[in-house]
Structures are given as structure tokens and as C-alpha cells.
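Chains as they are written, first to last, in the working numbering: chain A, 1 to 659; chain B, 1001 to 1307.
FYI, nobody ran anything at the bench for these hints, they're computed from the structure.
Don't take every hint at face value.
Partner residues are not named here, just some residues of chain B that face chain A (Cβ under 10 Å, in silico) [what the hints assert, rightly or not]:
| no. | residue |
| --- | --- |
| 1 | R1041 |
| 2 | T1042 |
| 3 | F1081 |
| 4 | R1084 |
| 5 | I1087 |
| 6 | K1157 |
| 7 | A1209 |
| 8 | G1213 |
| 9 | V1222 |
| 10 | V1233 |
| 11 | R1269 |
| 12 | P1302 |
| 13 | R1303 |
Beyond 10 Å from chain B on every Cβ pair, some chain A residues (computed) [unchecked claim]:
| no. | residue |
| --- | --- |
| 14 | E61 |
| 15 | F91 |
| 16 | F116 |
| 17 | D118 |
| 18 | E135 |
| 19 | Y224 |
| 20 | P266 |
| 21 | N327 |
| 22 | R411 |
| 23 | G448 |
| 24 | D459 |
| 25 | R470 |
| 26 | P604 |
| 27 | L627 |
| 28 | E632 |
From the three backbone atoms N, C-alpha and C, an ideal C-beta is built for every residue, glycine too.
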Amino acid sequence: MTTTEKTAAVPGPRTPEAAGSPLLQVRDLHVEFHTRDGVVKAVNGVNYSVSAGETLAVLGESGSGKSVTAQAIMGILDMPPAKIPQGEILFRGQDMLTMSGEQRRKIRGAKIAMIFQDALSSLNPVLSVGYQLGEMFRVHQGLSKKDAKAKAIELMDKVKIPAAKSRVGDYPHQFSGGMRQRIMIAMALALEPDLIIADEPTTALDVTVQAQVMDLLAELQREYNMGLILITHDLGVVADVADKIAVMYAGRIVEHAPVGELYKTPAHPYTRGLLDSIPRLDQKGQELYAIKGLPAAAARATSGRRRSMAEPVTKNADREPILQVRNLVKHFPLTQGVLFKKQVGAVKAVDGISFDLYRGETLGIVGESGCGKSTVAKLLMNLERATAGEVFYKGEDITKLTGRALKAVRRNIQMVFQDPYTSLNPRMTVGDIIGEPFDIHPEVAPKGDRRRKVQELLDVVGLNPEYLNRYPHQFSGGQRQRIGIARGLALNPEIIICDEPVSALDVSVQAQVVNLMERLQDEFELSYLFIAHDLSVVRHISDRVGVMYLGKMAEIGTDEEIYEHPTHPYTQALLSAVPVPDPEARGGRERIILSGDVPSPANPPSGCRFRTRCWKAQDKCAEETPLLAVPEALKDTGSLAAHESACHFAEEKDVVGAA
Amino acid sequence: MGRYVVRRLLQMVPVFIGTTFLIFVMVYALGDPVAAMFGDRTPDPATAAQIRESLHLNDPLWSQYLQYMAGIFQGDFGTAFNGRPVIELMGDAFPNTIQLTLVAFVIELVVGVALGVVAGMRRGRLIDTGVLVLTLFVISIPTFVTGYLLQYFVGVKWGALPPSVSTEVRFEELILPGIVLAGVSLAYVARLTRTSIAENIRSDYIRTATAKGLPRRRVISVHLLRNSLIPVVTFLGTDIGGLMAGAIVTERIFNLQGVGYQLYQGILRQNAPTVVGFVTVLVVVFLAANLLVDLLYAVLDPRIRYA
């Protein structure tokens, strides 16, 4: 069940239907936070307005004040410590800041509703979704419990939650991420408000689900002719749906323009930097632009040689792989029983994966959450024992190694983790964190030499070597990830496994870290296994890309083969779901929107695992598991589509619209 | 859920056997029960031997334990030092202690949670500091000090409440001992609630509830309280057993003839059946309270599912 739709080309911004006075006007808004360390001015004179049926995108990185402005509009800032010393927020011409608390409460939820980023933490975990939806009607309209429940079911139908009637009593944790975000949308929509504020509504979701949710939101907005303020840092999403854009930086709006204009001729240098700092799905770019005005040490790291486009990636055939993965399997057993646990099934996290990693290359692994990509990382590090299969490092199977032999291999395979906030011990100094690998492998750096080694490493990743005695909390997110990289480099490894190394970072910081990683690869001849869900970042950094789905490899090839000549339907859907930061592309691109969620890896579909969401699925797909190989039909064409793909009906399709 | 309860009940069996056996051994290590029976007088050796025989004191310890346990399941807890069956003493003592525990529990729950909510919502303000200092006082002053002070001032000097408990055990007589017994636990409940509330009030779902336009009252009572009380319930549940067993000091101060009083007498007279019998019942109470807490947990938090 998949819909393929082609939206009509929309020239320029849509004109708002209701002319005249806008629905909401923010005028010269200032917000301050009074803390023990002094006054933090989060918002410094913001002006913007939204009319009915119009979408305003507020763009900015973390700390730019975009969410604080939204919370001021909703009236949900904690005051104190927050304070609004100046400004007006006019809703239908009336200043909400001068209203009484009770008047504002009646507007909240009923006239202006908000959708939050993380639906799991934003929904009350101990109340059923039906109760939480029905609460809107009970409180604002005084409906009875029974009527409210009926309304809740109606709403769940509206946002296309399957089997709404039987699921109304379920709790938030029983829904998938996409379904939870639908519930958040339903809640905001309940009383048909005039204005919806969506704060990063799809950031926590996988791309194919993100496409579903954004689609739904846009559809409902049209239906109810609502105003929409979309707060995001994702330039792709903005280009897809916004009419006008306000770019925020340090509590101010630095640029405010209709969407077409902004992308074509960004006036402010920050906007330009932002546009250049994001890796694009449809272009294999040059070095990413790193925004200045950040710590000097950080900016320094961007200078470095970037493999240029003219220098083709050497074909792998004549090279010796450094890491060979063969039929790797990891099943997590599910057990049942009181005293004697008996196995009743298994979560098939990784179910027969094979690939090679060559010296000096970057192999990107992409896939949605739950596809097993992080488990692969753990298996390669031997942090989890493989259920079956082999991993050959220089010809030696490392899955069976233990003790000293394993330790020796691990020296050469290091890891960089996803979240730089939790993967560094907060009670250790940076020097101790980076130097810790030397305690385990003292042969790399003798005792007296350590301090110098650590300082060298800090210098290499673009941090001041004098920061040795500082603690992780004294650094920004990007700097912390540099520390994580320095730790990974400490032992001079040959392979670095990066598990979502930049997904927790803002785009401009992400660009710096990606640039640093590329420079280090050239400098130290590293091989990267780069695991990520962000297809654009993977394209930017990878030489070859593997696409995973439910514990299996769906397709693998060079970046050009995968991105410009994908043959597996899943890859095609995945690529088409990624919003491209170019408003002119929004009409012309074909979008494949997959329905439903990824099935449970404990009980995967028979045959081809993707068949339940695939529009090409036939009986053969259920009976016969497609093997990862170059499809027969494409074998002799000599085109780039002739690469390994696990589909019975592999066929080339350009979904990116390559520039 | 049913399977889970059965499993838990089965798990209780080894715990029950283990604890009772431990108590049994320890009480027998206290000394010669026959000598204790005669107090200061030296018993006639023939009589002593006869008593020994009738109480199976010459058998090995494990055999004595088995005989004792077999008796328990037939409702025979043995004989106390004064010749009355232990089961009769229990019949007198437990109702008194349960009443006292209930009074203390209600005070602990209502006052403790209320103080915690108020402090947690006004974190860092004067009232929060006030509650913190107050609970610190209550925790650090021993029960017998607060007990005697309250008894003297409230009971004797001002005469606001009866200073001790009569044999009829009237409700108003239990208020003062109830407050004393609840004191320390109440302080813990208040602190636990405060931390939990302060943490949850900043959570995303409270922000959502506010953004939905719910009145503040509803945000607190429906969304905040239920989530915040989950850890408190754990403490309260395990505390029921603690209150019942811990009333020894309080019962002595206010002259209530409850479990604590009988246990004290049993230990003093080295009467094994009394001590083992009462402790055995308390063990069961503890186990039952723990099971109840775990089940209540699943009711309060749907994310916890037992299978």
C-alpha cells in the first residue's frame, strides 16, 4: 500500500487566503531569563506575523530563541525565571500579554495549539491516549466522559491511526513514534484552532515516517485553513511546506522573506552560511561551509584537504579489504517461563549481513531506527557476541576472539559514539578521557609521554591543547564530539566505527565535525564505517553506501550508484522521502510515501522483508527471499544501476532529481 | 497478571522458610528457655527434664523447627511465659497495633504528601526550605524524645489529647501515639514527594498539559500527582510492615498493649514461641505488603506489565 503522488508545481509562495489583518502578530518581543548567573536575553525584539492558511517557518539552531518565542506566544513560559520586559503578541488584534490568566488559558489549546517535538515525553505516560485527547473536549467544551471518548476516536480516525476504536484505551508507549506524533497532532487539532505552532514536529522521526507526518499536517492545515508556525532547523522540510521564512540567530530575526526568495538570494550572511553548511542529497558537494563566529579553535579545523570530485574513487576490485563481514547474524532471544527459561523466539536484529570495508574508504550504512545498524557496529567491536557469521580483520575471524587477542584487535578498531553529552564521563577531565586508552594499551604511549600525546590529539581535532584539565560540561556539543573523536584516534586505529556521530549536533556544527572527520581520514588513512540515518550526510561523506532494512542489507554500492541509480524500492522510497532544501524542487520531485511502520524484527515478514510496505510486492516476494546480488536484468547494461540489490524486481528509478 | 501473582506467591515460600528458620535459630541462641521460665529460682532437675521432654527441647534443632512449623499450620503457636497460648496474645495484640498503624499511616500519607507537593511546587522558595528544615528535625530527633515530649506537653500539661491509651483503645487516644509513630516516615514521604514533584513539574508532558489550556488545578491533580506518587507508593508500602514492627518504643511510651509490647515481654522472658510467632506473622505482613505495592505499581504505571 503505497501512494505515489505528484504535487502540482507551485510558483513562489502561496498567497494567504484571508487578506487584511493577520491572525497573529508578534511585535518587538523580548524575553529574558533571570538566573543566578545573571540575565540571559533569549529573545531580542522579534517581529513576525501569520495569517490564516499561511505557513511561517521559523528557522534557527539550538539556542536561537525560536522555541522560547513560541512558548511566549502559548503563554507556557515559566515566569519567573522568564520575563517579558517589552513587546506585544497580538492574536486577532488583541494583545495576549495584557490578558488575564483565565482569558489566556481559554485561548491555549482551543484557539492556538502546539505540537511538540518528542511525542513520547510530551504525552503523559500513565494516561491513555483516549483520555488525553478527550480531556480537550471535557475541559474546554464540558462534554461528558463518554462523548469525549467518542470524539477522541473521531480524531484518531482523522489523523489516520488504524483501528482507532480498539486503540483508544492504549497508552502512549504502545504506539510507534510516527503514531505518537499523529496523536500529538490530533490533540492540537481537537478544537479546530486558528493557529498551530509545531515545534520540530518531525525531528525525532525516521525519514519515511517524517514524510507521512508532514503530509498529514499540511493536508489538515489546508482543510481547516489554519495558520501554521513551523519551528525547525531542517531546511529541507522548510523548502517543502513553508510560505515564508524567518531565520533566527541569537534571539533576533536576521532574515524574513518568502520561501523562494530566501533560498535563491539569501540576503544575510548567516542564512547563506546555513544553506551552504548542509550536505545535500542531490549533490555530492565540496567541503561543507562552516559558519564563522564560533570559537577560533573550531574554525581552524575546517582547513584541510578535501578529496576533490575530479579524483575518482579507485575501484575496489583490485584492493584488499581490511574488514570482511560474512553472513553476520545477531538474534536476541526472547524467553518465557518461571524457573526454567525457555526460548520462545528471537529479535532478529541482524540477520545475515555481508560487506567489505577497504582501507582508506568510508562505507556509509543507512537505515531507519530498528534496522539493526547500531547492532552491526557493536558486533564489529565485539561488544556483542555474534550469533553466527564471521568478521575477518586482515584475514582473522575476530568474532571468536577473547582475552588478549581480542584486546589487540580492538586497538585497531575504535568507535565514535552518537551522543557527545552522555558518552563522555562527566567526572573525568578531557585529558583523562582521551588518555584512558593508553592505560589499557600502555605500549602505544609510555607513561611520561602521555600528556604530550593527548595535547597532540587535542590539536589534531582542532581543540586548544591547554584544555587538558577541563571537564566535558565546559564544552559545546560540537567540541565534545571532537573530544570523542580524539579518544577514538588515540590508539592510531585503522578503522573507526562511527555510530550516528553528528546526529545530535546542529547543522553548522555538524558541518565542522564532518569536515574534520574527512580531513583526519586523509591524514591518517583511516577507514570509516559511518552509520547514520541522515541520507544527506551519508552521501556527503561516503565512498560506498549500504542500505539496511530490518536486519538485512537491501542494496549496496558506490554513493553515485545508490543515490542516482537506486534499484531497490526501499532505497527509492527512502531517498524520495528526504526533503531537499530547494523550494523549486518541491513541485517537480516525485515522492513515494510509504504507509505504515517498520514491522517488528521479532516477527519479520517471510521472503522479502520489505514486501509489506512495497508497491511492487507479488506472491514471489513472500515465498522467496531475494539475495543481495547484481540483478540479472541489469548485469550487462554497464550502467551504474548494475550494483548489488536484494530485490526480485530491481529497476532503476531516479528519485532525487540530481542537479 | 494472574500468572505473575502465582509466581510471586511461590517465591514467597522460600523467603518465608528462610526468615522463620533464621529467627528460630537466633531465639534459641538466646539461652535456656526452661531456666528463664523459673526466673531467679533454680528449677528442680526432674521437673526441668520433664518440661524439656514435653517441649521437644532435646531433639535436634531442625526437628524442633519442623515440629514448630507443623504446629503453626494447625494454629498452634505454642505457649507464652504466663501459660497463655501465643495465639491468644496475638488476638489481643494485633488489633491494637493495626489500629495504631492505620492512624499513623493516614497521618503519614496525608501530611507527608501534602508537605511534599507544596515544597516541590515552590522549589527553592521559603516554604520549601521550611519543609526541608522541619523534616530534618523530625528525622534527627529520636522517637522516644518526641514521644515523651508530646506526651508531657500535649497530653499532661495542656490536656489537649489523652496522654496514654486505656484498655478500651479509643480513637482519640491513638492520635498522639499515631503522630509519634508516623513522624520519621512522614519526613521521608515529604522529601520523596518533593523531589518527585520538582522533577516531574519540569517534564514535557506537564508542558503539554498546560499548552492544552487545562486549568492549573487539573494539571496538578491529574497529570502531575499520579506520575509523582509512583516512587512514594513504594516507600509507603514497605513502610506498613515497618510501622507495625517499629511501634515497640511508641507502644511502651503510651502504654498500648500491642505487638511491640508482647515482643518485648517475649524477649525479656526468653520465651521462644512468643518471639518466633509474632515475628513470623510480621514476616507475612511484610511479604504481603510488598506484593501489594508491586501490583499497585502496575495499576499506577501502565508501562509496567507483569507476565
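Status of the hints after comparison with the structure:
1. R1041: The hint is violated - R1041(B) has no Cβ within 10 Å of chain A, the shortest such distance being about 54 Å.
2. T1042: 54 Å, violated
3. F1081: 43 Å, violated
4. R1084: 42 Å, violated
5. I1087: Hint on I1087(B): violated, closest Cβ of chain A at ~34 Å, above 10 Å.
6. K1157: 45 Å, violated
7. A1209: 7 Å, holds
8. G1213: Constraint on G1213(B) satisfied, holds at 3 Å.
9. V1222: Hint on V1222(B): holds, closest Cβ of chain A at ~8 Å, below 10 Å.
10. V1233: Nearest chain A Cβ about 12 Å off; hint violated.
11. R1269: 43 Å, violated
12. P1302: Given a least distance of 4 Å, the restraint on P1302(B) holds.
13. R1303: 5 Å, holds
14. E61: 20 Å, holds
15. F91: Since the minimum Cβ distance to chain B is about 13 Å, F91(A) lies beyond 10 Å and the statement holds.
16. F116: At roughly 6 Å from the nearest Cβ of chain B, F116(A) sits no farther out than 10 Å, so the non-interface label is violated.
17. D118: 6 Å, violated
18. E135: 7 Å, violated
19. Y224: 18 Å, holds
20. P266: 33 Å, holds
21. N327: 34 Å, holds
22. R411: 41 Å, holds
23. G448: 47 Å, holds
24. D459: 40 Å, holds
25. R470: At about 28 Å from chain B, R470(A) clears the 10 Å cut-off, so the statement holds.
26. P604: Nearest chain B Cβ is 23 Å from P604(A), so the label holds.
27. L627: 38 Å, holds
28. E632: Its Cβ never comes within 10 Å of chain B, the nearest being 48 Å, so this holds.
When the structure is compared with the earlier hints, violations turn up for hints 1, 2, 3, 4, 5, 6, 10, 11, 16, 17, 18 and for no others.
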